[in-house]
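Residue numbers (the working numbering), protein chains in the order written: chain A, 1 to 157; chain B, 1 to 316; chain C, 1 to 183.
Keep in mind that the hints were calculated from the coordinates and are not lab data.
Careful: at least some of the hints might be erroneous.
As the list claims (entries may be wrong) - Label-pair distances were calculated between CB atoms; the ranges are:
(1) Ser62/B with Thr61/A: 29 to 37 angstroms
(2) Val108/A with Ser127/C: 48 to 56 angstroms
(3) Val67/B with Leu69/A: 26 to 34 angstroms
(4) Asn260/B with Asp77/A: 46 to 54 angstroms
(5) Leu69/A with Trp34/C: 49 to 57 angstroms
(6) Arg139/A with Arg35/C: 53 to 61 angstroms
(7) Val108/A with Pro156/C: 49 to 57 angstroms
(8) Pro31/C with Gln294/B: 39 to 47 angstroms
(9) Thr58/B with Asp87/C: 54 to 62 angstroms
(10) Trp34/C with Val71/B: 50 to 58 angstroms
(11) Pro31/C with Thr106/A: 50 to 58 angstroms
All values reported here derive from a predicted model rather than from experimental measurement.
Note that CB positions come from ideal geometry on N, CA and C, so glycine has one too.
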Amino acid sequence: MDILKPEKSLWIYHLNTGSCNGCDIEILAALTPKYDAERFGVKLVGSPRHADIVVATGPVTAVAKESVLRVIDQVPDPKAIVVVGVCGITGGVFRGGYSVAGPLDTLVPVDVYVFGCPPKPEGIMVGILKAAEVLELKRKGNYHKEVVKISEHGETI
Amino acid sequence: MIIGVWVLWLIALFIWSLLIGGIDRKIVAHLQGRYGPPFWQDITDFLKLFRKRGKTATRSSSIVSDVALIVGIIAVVVGLSILPMPTVGGYTQLLSTSGDLIILAYVFALLAIVYVLIGFGGKSPYTMVGASREVSMLLSYEIPFILVIVAMGYRAILLTGLPVSTIFSIAGFLVLKQKMALLLLDPIFLGSFLVLLILGPAIVGAVPFDIPEAETEIVDGYGAEMHGPRLGVLFGIKHMKLLLYAYFLWTIFLSPVTSNIWLNIIMTLLGTLLMVLVIYTVPRAVSGRFRVEQGAKFYLLGPGLASIVLLLLSLI
Amino acid sequence: MPFGEIFGKLVDTLIGGPVVKPFPKEPVKVPPKWRGKPQYDSEDCTGCRQCERVCPPSAITIDDKKGDFFHYEIDYGVCIYCWYCIDACPTTALSGDDKSGLYVDTDRTKEKLNDGVPYVECPVCGSKILRPARTLVVRQFKKYTPETLVRASVCPKCRREKTPEEIEAGIEKYIEEHAVPRD
Ligand code: SF4
Ligand code: SF4
Ligand code: SF4
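Just chain A, with the same shape it has in the complex:
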């Protein structure tokens, strides 16, 4: 029954770790009527303590690093972390900059990567849905990064 499935209720927290705002605008676009992420139960929440999924953008600047770690620590379990945009994945155009404290996955375990600079809003939606699968596996306790299957609309179409 869908109604009892916690994976149908995805409260996302949008975390900007120092991005150029390109990806942030695309995340907001994914919530607008044109893409309507809310039909999958997605809701944007203001506080990390309410969130299930952290949608992070940006290369984690040196100033933001401490706050980013604290915010991610505040998210209750089970949680999933989605990185949106290549500058959050490797540093992208900011790679090797003097103020970059490393891509996010060198600091915390990241579950889903959405590639693009910026990615399409559809890509962000697919990323969030895939994070829901990760959450389901984490709830069942048999989450290993390898076993995450690619869902039907999660494939690189």
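Assemble the complex: chain A is given as a structure, and chains B and C with the ligands must be docked to it using the hints.
Okay, now just chains B and C with the ligands, sitting in the frame of chain A:
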């Protein structure tokens, strides 16, 4: 026996309040040209919150917020025990005293105080700002609210001819509803109803006046430090407050009295949904958030003056 | 906005129905001239390293020092899909994916392109040179077959220092020895 029925009614109303939340989200989505979540979404959200485990911030005091949540649950239960429930042959109250309308007014104030307590218990800057904003909103809408309730009480005494000691009793309104077909035909009651409708968004925290929990400015305000099951209880209390207010407006002013119990139940449920649409959904879909001083000024000038006029008129 | 106008818009939306794109049911539609992942065809690459030089975030890494292979790698976790490399490539070894818009994965190391060009022997003197690009072979011989590939693989030194007769004899000998199919 009646207690058992009432407990069943309470549970049904709670599920209905969650369903109303989902229906509200669905309708707002359609008003904005999208599909929106399924209408049972809030039930899924509520159940999910009880399966999350997080860490509480060291500085926030969970005792204060736990006490506040218990007070909130008690306030909701007291409110529902006072409001008439549909039974065979009309509406009956579980508990009835001569001043229960005032108790009801205090239930709404108490629920606002619960939010304030939760905010001060959180001890984070955001929850503190949220709590102080809730206090300032409370001060601005509580004055018109109490004045309107007093005006309604006097008017009911005048029209029914009951003894003055039964002033502010909901039973008086039930008697009045047997006498008059529609309460809104009386100008004082019509005015009070309109004032209460305008006060609605602030009391239930709907968007133009969701100043205390502005999520884009102060990260969800008073509830920012809540998580997991506690947040679930707060989520339920918020839904029940919305339902209580809608239920209050519907049963006092609008509900037709029939003797068929099932008809009464169905009309109560649909009537609360209608009231929620008017005081919550439509304002939420078509407007943005006010600033705190705009909200206070709006309530003190508009409904505030109107309620003073209503009170004076009802005394004449 | 006056309230009348707002309610007019609401009525319009209610009559017009949702404006949501049919995305998860139907595959994503990308606009024309959409820029997706750059694709690499090693047969066409002549190893000029122009792409590596123009790539703004240095997503392309080329390593020709490692063994007898010209290692070519695009890290899609760095690439910003600007297609500068495609514009820069003289032999059209790079082409862009303009059909797809979704690149999502749970493992970022998989989103990498690992390819390269092998070194071949010069048929005349036997020294190692990078395999000639298909585009250049076709430009010279009008077709791309094993034999034309051998004919194009003569190293620059031999071209400079040997007479055409010597080169032709060397190529014929090489074809005989290695049983390269003739056209
Ligand atoms: S991935 Fe590109 S668009 Fe997105 S935040 Fe980084 S630099 Fe900006
Ligand atoms: S598309 Fe742009 S970023 Fe990507 S490999 Fe080519 S030049 Fe580099
Ligand atoms: S891909 Fe094109 S530009 Fe890059 S090294 Fe090969 S031939 Fe040169």
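Hint check results:
The hinted range of 29 to 37 angstroms is satisfied by serine 62/B and threonine 61/A, whose Cβ atoms lie roughly 33 angstroms apart. A hinted range of 48 to 56 angstroms for the beta carbons of valine 108/A and serine 127/C is consistent with their spacing of about 51 angstroms. For valine 67/B and leucine 69/A, the Cβ-Cβ distance of about 32 angstroms falls inside the hinted range of 26 to 34 angstroms, so the restraint holds. In this structure the supplied range 46 to 54 angstroms holds for asparagine 260/B paired with aspartate 77/A, their Cβ-Cβ distance being about 50 angstroms.
Against the hinted window of 49 to 57 angstroms, the Cβ-Cβ separation of leucine 69/A and tryptophan 34/C comes to about 36 angstroms, which falls outside the hint. Take arginine 139/A and arginine 35/C: their Cβ atoms lie about 38 angstroms apart, and the range 53 to 61 angstroms is violated. Between valine 108/A and proline 156/C the C-beta distance comes to about 52 angstroms, which sits within the given range of 49 to 57 angstroms. Restraint check, proline 31/C to glutamine 294/B: a C-beta distance of roughly 42 angstroms satisfies the suggested window 39 to 47 angstroms.
Between threonine 58/B and aspartate 87/C the beta carbon distance is about 56 angstroms. The supplied range of 54 to 62 angstroms therefore holds. Range check, tryptophan 34/C to valine 71/B: Cβ separation about 57 angstroms, and the 50 to 58 angstroms hint holds. Taken as a hint, the range 50 to 58 angstroms is violated for the pair proline 31/C and threonine 106/A, whose Cβ atoms sit roughly 35 angstroms apart.
Going down the numbered hints, you'll see the structure goes against 5, 6 and 11, while the others check out.
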